[in-house]
Amino acid sequence: MIEKFSKSKIIYHYLHDLSAIIGSLLLVLSILSAIFAPMLVPQNPYDLEKVSLEHFLTPPAWMEGGSAQFPLGTDDQGRCVLSTIIYGFRTSLIVGFGVVIVAGIFGVIIGLFAGYYGGILDAVSMRLADIFFSFSTTLIAILMLGLFKQRGVLIVIVAICIADWVKYARTMRGSVLEVKEEAYIIAAKATGANDLRILSKHLFPNAIPPIFVILAVDLAVAIMLEATLSFLGVGVPLTEPSLGMMIAIGKNYIYAGMWWLVLFPAAALFLLVIGINLFADWLREELNPRIER
Amino acid sequence: MTTYIIKRLIQGVIVLLAVSFICFLIFRSSGDPAISMAGQYATFQEIEEVRKVFGLDKPFYIQYARFITNAIKGNFGNSFVNKVPVLPLILERLPATVELAVSAIFIAFVLGVGLGVLVSLKPYALRNRFIMAGSLVNISMPTFLTGILLIMLFGVYLNILPPFGRGETVIVGFWRTGFLTLSGVTHLILPAFTLGMYQLAVLLRLTRAGMREVLTEDYIKTAWSKGLSPMKVIFKHALRNALIPVVTMTGLQFGELIAFSFVTELIFQWPGSGNLLLTSIYEQDQPVIVTYIMLAALIILSINILVDILYAILNPKIRYD
Numbered sequence: 000m001i002e003k004f005s006k007s008k009i010i011y012h013y014l015h016d017l018s019a020i021i022g023s024l025l026l027v028l029s030i031l032s033a034i035f036a037p038m039l040v041p042q043n044p045y046d047l048e049k050v051s052l053e054h055f056l057t058p059p060a061w062m063e064g065g066s067a068q069f070p071l072g073t074d075d076q077g078r079c080v081l082s083t084i085i086y087g088f089r090t091s092l093i094v095g096f097g098v099v100i101v102a103g104i105f106g107v108i109i110g111l112f113a114g115y116y117g118g119i120l121d122a123v124s125m126r127l128a129d130i131f132f133s134f135s136t137t138l139i140a141i142l143m144l145g146l147f148k149q150r151g152v153l154i155v156i157v158a159i160c161i162a163d164w165v166k167y168a169r170t171m172r173g174s175v176l177e178v179k180e181e182a183y184i185i186a187a188k189a190t191g192a193n194d195l196r197i198l199s200k201h202l203f204p205n206a207i208p209p210i211f212v213i214l215a216v217d218l219a220v221a222i223m224l225e226a227t228l229s230f231l232g233v234g235v236p237l238t239e240p241s242l243g244m245m246i247a248i249g250k251n252y253i254y255a256g257m258w259w260l261v262l263f264p265a266a267a268l269f270l271l272v273i274g275i276n277l278f279a280d281w282l283r284e285e286l287n288p289r290i291e292r
Numbered sequence: 000m001t002t003y004i005i006k007r008l009i010q011g012v013i014v015l016l017a018v019s020f021i022c023f024l025i026f027r028s029s030g031d032p033a034i035s036m037a038g039q040y041a042t043f044q045e046i047e048e049v050r051k052v053f054g055l056d057k058p059f060y061i062q063y064a065r066f067i068t069n070a071i072k073g074n075f076g077n078s079f080v081n082k083v084p085v086l087p088l089i090l091e092r093l094p095a096t097v098e099l100a101v102s103a104i105f106i107a108f109v110l111g112v113g114l115g116v117l118v119s120l121k122p123y124a125l126r127n128r129f130i131m132a133g134s135l136v137n138i139s140m141p142t143f144l145t146g147i148l149l150i151m152l153f154g155v156y157l158n159i160l161p162p163f164g165r166g167e168t169v170i171v172g173f174w175r176t177g178f179l180t181l182s183g184v185t186h187l188i189l190p191a192f193t194l195g196m197y198q199l200a201v202l203l204r205l206t207r208a209g210m211r212e213v214l215t216e217d218y219i220k221t222a223w224s225k226g227l228s229p230m231k232v233i234f235k236h237a238l239r240n241a242l243i244p245v246v247t248m249t250g251l252q253f254g255e256l257i258a259f260s261f262v263t264e265l266i267f268q269w270p271g272s273g274n275l276l277l278t279s280i281y282e283q284d285q286p287v288i289v290t291y292i293m294l295a296a297l298i299i300l301s302i303n304i305l306v307d308i309l310y311a312i313l314n315p316k317i318r319y320d
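So the protein sequences, as listed, match chains E and A.
With numbering that gives the first Met the number 0, the residue at position 256 of the first sequence is 255, and numbering never jumps.
With numbering that gives the first Met the number 0, the residue at position 94 of the second sequence is 93, and numbering never jumps.
Simulated from the structure, these hints should not be mistaken for laboratory data.
What you are looking at is a predicted structure, and each value in this text was computed from that prediction instead of being measured.
Not one of these hints is a red herring.
Which bits of chain E does chain A cover? Going by a derived footprint, with three or more residues having C-beta under 8 Å, they are:
| id | stretch |
| --- | --- |
| 1 | 123 to 134 |
| 2 | 140 to 154 |
| 3 | 230 to 240 |
| 4 | 243 to 254 |
Glycine included, every Cβ here is placed at the ideal spot set by N, Cα and C.
Isolated chain E (complex conformation) (with noise of 0.2 Å):
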């Protein structure tokens, strides 16, 4: 069995794909530093025991006036930056992974239901898309945060979710338009099998692939939609992690030519990013029936 998986094709392909391999690294070395963050930080950023304005903006350990206690320097409260920033991985990941869930399941019910069944529920549910559609999730997500008096990581969630089920609906429905015609739903629908038989055993298994390109994009997508909620201050409240946060804060001191407090944020939101987009970018072509590889 092992060995069948190991020779298979997608493994084949992966492990011959320089990108996808430094891709899916980035990502897999974010999610272990922000599950094991409390042991591998220096200081605990949020704790106010350990954290002292008498270290403030701090430059990196190899500047003058930096210190080894703070590698990448501190900035205008005494956190330590690195600690942050192993920190705000965490915001990042639990908003990533918390959007494509929920606005995943919610959009891939929407559009499974809509494609099939067709009628009001589709008219309806698409039009409501549509309009969803010509407004960017950004837009959405702000005016819903401007609305919500309280902040939290929970909000944010649903705030981005509330226009991004939109893009699974409508590749689900797509898809099940497709896979619906397909001779074996015919066949199964002939041998008197009920919709909820059709659905799950047939009609979902074989629409699904497209999604999964979708959720990694949505991914990358909803990691930044944070970052930038947080930079505009509608974002996590400012007792939580974020990288967003962090860069809104260093904006302040680059005319001081502070850079650290940008440019390690911002370095480790790009890595983070562009890790989940080459891993994006190799599913597509490898779920591509189009490109023969």
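Dock chain A against the given chain E, drawing on the hints supplied.
Just chain A now, with coordinates in the frame of chain E:
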């Protein structure tokens, strides 16, 4: 064709009505507008008076009908914060946003299509692999980050381009333009690149994909074997056919660039309507937010419908029934 256009227009009106209804719901569910209009220190009697004058004591559907009729007349009420009519407040800032969006889409289209064609001709050349890697970097960078990095590089370290503001402007008729002064143009460069960057990568990838598909077609092989010059084959035969989805995408994105330039405007302190929207969200200035959304919906829908109609005229293969 005429029925198709009429159908699209009716659809557009329905979408606009739906958006207005959602706006109205948001407007009503986020606090009592009578209190916001009367001001923080108004007495109970004053608030009740405002409620009566503006018809806020009437049933829900009458209020909505009133909101719609006023909106058609262009009356969206006054800003809670500035106490001036909302529509002129936004329209006054629209030229700055439109000029930014036009410059951004111009940069994105010219560079995106140009580089896309270049890459499609020799997909595996080293130079072109670099271009593709660059476009991936681009897509992996949120707009706010692109903006800040450009400011750090060109505004702070190299110090060759102004990092914020719109520079000197000239008024032509009712339009305040920054295109006509040197300071206006230099101030435009960084924000226009920031706003257009993502679109550039999208158009590049789209052009490349389209060209790669078209270049394998029989009529291209025929054109080559006829001995036509490469310029003629690439631009006259291939690009023309690959451009249809690219032009559609550009059109659709232009409306979005106008409506959603707020992140770029915030970073560069650009005095446009997007910046006004963000301030209004922070200050909970509902009338400005609602009007902005309605206006954005109108702009995007009009462009979408226009693009669809143009598409139908350009591509007779598509049947509408």
